[in-house]
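Chemist: Taken in order, these protein sequences are the chains called A and B. Each residue of the first sequence is one higher than the last, beginning at 1 in the numbering used here. Each residue of the second sequence is one higher than the last, beginning at 1 in the numbering used here.
No lab work stands behind these hints, which were simulated from the structure alone. A virtual CB, placed ideally from N, CA and C, is assigned to each residue, including glycine. Please note: incorrect hints may appear among the correct ones.
To be verified - Here chain B is said to cover these stretches of chain A; the calculated rule only asks that three of the stretch's residues, wherever they fall, bring their Cβ under 8 Å from a Cβ of chain B:
| no. | stretch |
| --- | --- |
| 1 | 54 to 60 |
| 2 | 78 to 92 |
| 3 | 234 to 244 |
| 4 | 290 to 299 |
Number of protein chains: 2
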Amino acid sequence: MPSCGGGTRVVRASSVKDVAARAGVSLGTVSNVLNRPDRVSPETRARVEQAMRDLGFVRNESARQLRAGRSRTLAYVLLDARNPFFTDVAEGVERAAEAAGLSLFLCNSDNRSSREQDYLAHLVEQRVQGILVTPVDAQSPALADVRRNGTPVVIVDRTRSDDTFCSVAVDDELGGRLAVEHLIEQGHTRVAFIGGPDTIGQVRDRLEGARKAWADAGLPPEQLVVVTTEALTVVEGRSAGERVMGLGRNRRPTAAFCANDLLALGLLQQLSTSGLSVPGDLAIVGYDDIEYASAAAVPLTSVRQPRQELGRRATELVLDEADNPEHVHQQVVFTPELVARRSTLG
Amino acid sequence: MPSCGGGTRVVRASSVKDVAARAGVSLGTVSNVLNRPDRVSPETRARVEQAMRDLGFVRNESARQLRAGRSRTLAYVLLDARNPFFTDVAEGVERAAEAAGLSLFLCNSDNRSSREQDYLAHLVEQRVQGILVTPVDAQSPALADVRRNGTPVVIVDRTRSDDTFCSVAVDDELGGRLAVEHLIEQGHTRVAFIGGPDTIGQVRDRLEGARKAWADAGLPPEQLVVVTTEALTVVEGRSAGERVMGLGRNRRPTAAFCANDLLALGLLQQLSTSGLSVPGDLAIVGYDDIEYASAAAVPLTSVRQPRQELGRRATELVLDEADNPEHVHQQVVFTPELVARRSTLG
DNA sequence: TTGTATGCGTTATCAC
DNA sequence: GTGATAACGCATACAA
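Using the sequences and the hints, build the whole thing.
Modeler: Pasting the structure below:
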C-alpha cells in the first residue's frame with residue numbers, strides 16, 4: 001500500500017519559470033520554445049525541452065486561456081446520455097470538434113432543468129468557445145442568458161419559436177407523415193400513435209404529421225388512436241403495448257407508429273412476450289433508426305434522422321457564431337427518411 | 001435573420017473592474033460582494049449587485065482557477081458512451097460529484113487510445129481536480145504520466161497489475177463462476193462461453209471463473225465451448241449466435257454465457273429470428289444487468305454489477321487522493337450478483 | 001537569438 | 001466598511 005507522498009506526486013506543478021531556472025534561460029525563451037520554436041536556437045531548445053521533461057512540465061491551460069481570452073473547448077449538454085440517439089449526435093460533434101482542433105466535453109442534464117442550468121452556468125464561467133445544447137425546454141429564458149453572457153449557443157434537435165438562435169433539427173412533421181403514409185400504403189386503416197408526453201415538441205410535430213397524412217388519405221380521424229406515454233423509454237413502450245393490445249378486438253389497431261425507437265422496442269418486446277407476431281398482429285414503425293432498431297428481433301422499420309450530420313452541422317454553426325462577426329443565425333432543418341424493414345413488411 | 005452584432009452579444013465580457021467602475025466602488029469591494037458578502041454594507045452590496053446585473057457580469061473561472069490553483073471539476077473518460085453500462089457508472093459519478101459541489105465532464109474515448117490520450121492531456125492542462133478513467137489499456141504508461149503530472153487518477157472497471165493506482169472494479173472471476181454455477185444447477189452440461197477479444201481483461205477473468213466452476217463440478221472441459229467475438233456488441237452477439245447454432249447437433253450447447261448483455265441481446269435476437277426459443281433451445285446468461293436486459297423480449301438472466309456504486313466509490317477515492325496528503329491507494333473490488341430471469345428459468 | 005516587462009481577471013492581505 | 005496592491009502562469013510586444 002504505497003502512499004502518495006513518496007515522491008510519486010508533484011507537490012506544486014512546475015511553471016515556465018521553474019523550467020527557465022532549471023535550463024538557465026529566461027522565462028520568455030521557454031515560452032518561445034512552446035509557441036515559436038523556430039525562433040530559438042537548436043541547442044537552447046534542446047536544453048529547455050530537457051528541463052521540461054525533468055520537471056514534468058505541463059502547460060497551465062487556465063493561465064493560457066486567461067491570457068488568450070478564449071478556450072479551446074466545446075461542450076455539448078445533452079438530454080439523456082443513455083439514449084443512443086444523443087450519443088450518436090455527440091459522436092458527430094466530436095468528429096467536427098476534433099477536426100477544428102478543439103476538445104469536446106459532454107454534460108448530461110438527464111432531463112433535469114436544474115442540472116442543465118448548473119452546467120450552462122459553469123460552462124459560461126469557463127468561457128468555453130461554444131455550447132451545443134439539447135435543452136429540456138427550448139423556450140427557456142436561461143438559454144438567452146447564456147448568449148447574453150457572451151457564449152455562442154446552438155440548439156440541437158429542438159427548435160425555438162423565435163429566430164434568435166441557431167438551431168439544427170429534423171423536420172418532424174414530415175417524419176410523422178412518412179411513417180403514416182408508409183402504413184397506409186401497406187393497407188392499414190386503423191393505426192395507433194404511441195408517444196408522449198406532449199410537452200415534447202418532437203412528439204407533437206410527429207403526431208401532427210401523422211394526422212395530416214391520415215386526413216390527406218381520407219381516413220376517418222377516430223381510426224388514428226393516440227396512446228400517450230409518460231416518457232420515450234423502453235419501459236413505457238412495454239406498458240403502451242399492454243394498453244394497445246387490451247383494446248377491444250374491433251377497436252384494436254393493426255399498426256403502431258411510435259414516437260421513437262425505444263418505445264418501439266418496448267412495444268415489440270411486449271408483443272413477443274404475449275406471443276403475438278410482428279407485423280402479423282401489429283406492424284410497427286419507430287423513429288430515429290438507432291442501431292438497436294435494425295438489430296431488433298424483428299428488424300424495425302424506422303424514420304432515420306441524420307444523427308451525426310446533425311452534430312457536425314451544429315458544430316459548424318457554433319464555430320461560425322464564435323469566429324465570424326458577420327454571423328447570421330440559421331435554423332437548419334434536415335429531411336428524415338423512412339427505412340422499411342420487416343416490422344412492417346411481413 | 002437577425003445578425004449577432006446588434007447588441008445581443010457582449011463584445012468583451014465584463015470583469016470585476018467594470019462592475020466596480022459602474023457601481024462607483026473599488027475592485028476589492030466587488031470581490032468582497034462575491035466572496036464574503038457579510039463584510040459589505042447592505043447598501044453597497046445592493047449597488048454592486050445591480051451593476052453586475054446591468055453588465056451581465058459572469059465570473060471568469062479561468063482567472064479564479066489560476067488564482068486558486070485548483071479547479072472545481074472532475075472528468076470521467078469513458079470507453080464507450082453508447083454502452084449503457086458506462087453511462088450508468090457515469091450517473092453514479094455525477095451524483096457524487098454534485099454532492100461534493102463539483103461539475104463533471106464526460107469524455108468519450110470511443111475505444112481509441114489516441115483519443116484517450118488527447119483527452120487526458122487536455123484534462124491535465126486544465127488542472128481538473130481529478131480524473132476517472134476506464135482506459136483502453138489499464139497498463140498503459142500514459143496513466144502513470146498523468147499522475148506524475150499532478151492530477152489524481154482513479155481507474156474504473158479495470159485493474160492495473162501494480163498497486164500504484166486507486167481502482168474500483170468488480171470481481172469478474174467470481175461473476176463468471178456465478179453464471180456457470182447457475183447453469184450447472186439448471187442441469188446444463190454443455191455450455192458455450194461467448195466473448196472476446198481476449199485482450200480485454202474482463203473477458204479473460206469471466207472465462208477463467210467459468211472454467212473453474214466447470215472444473216469444480218467435475219464436468220469435462222471440452223463441453224465448455226469458447227466462442228470468440230471481435231467486440232462486445234449486439235451485432236457480434238448475432239453473429240456468434242449463428243456460429244453456435246451452426247454446430248452439429250451433438251456438439252451444440254444447451255446454454256450460453258455471454259461476456260456482456262449486449263452480446264446476450266444480439267444472441268437472443270438471432271435465436272428468435274431463427275424461430276428458436278429461449279431458454280427451450282438455448283438458455284442465456286448475460287453480464288452487467290443493464291436496463292435492456294430485464295426489458296428484453298425474454299427477460300435476461302444476468303450478472304449484476306453495482307454500476308452507480310462503482311462510480312460513487314471511484315469519485316470518493318479520487319477526491320481523497322486530491323485532498324488528503326495521507327492518501328493511500330486502494331483497489332476496491334465489488335462483488336457481483338446473479339439475477340435469474342426467464343432466459344434460464346424456462 | 002535572448003531577456004524584460006506588462007497584463008489577462010480574480011482573490012487575499014493589508015492598510016486606511 | 002472600503003480601497004490599494006500583489007500574485008497566480010502564460011504569452012506577447014519590445015528592448016537588448
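Chemist: Any hints from earlier that this structure breaks? Give me their numbers in increasing order, please.
Modeler: none
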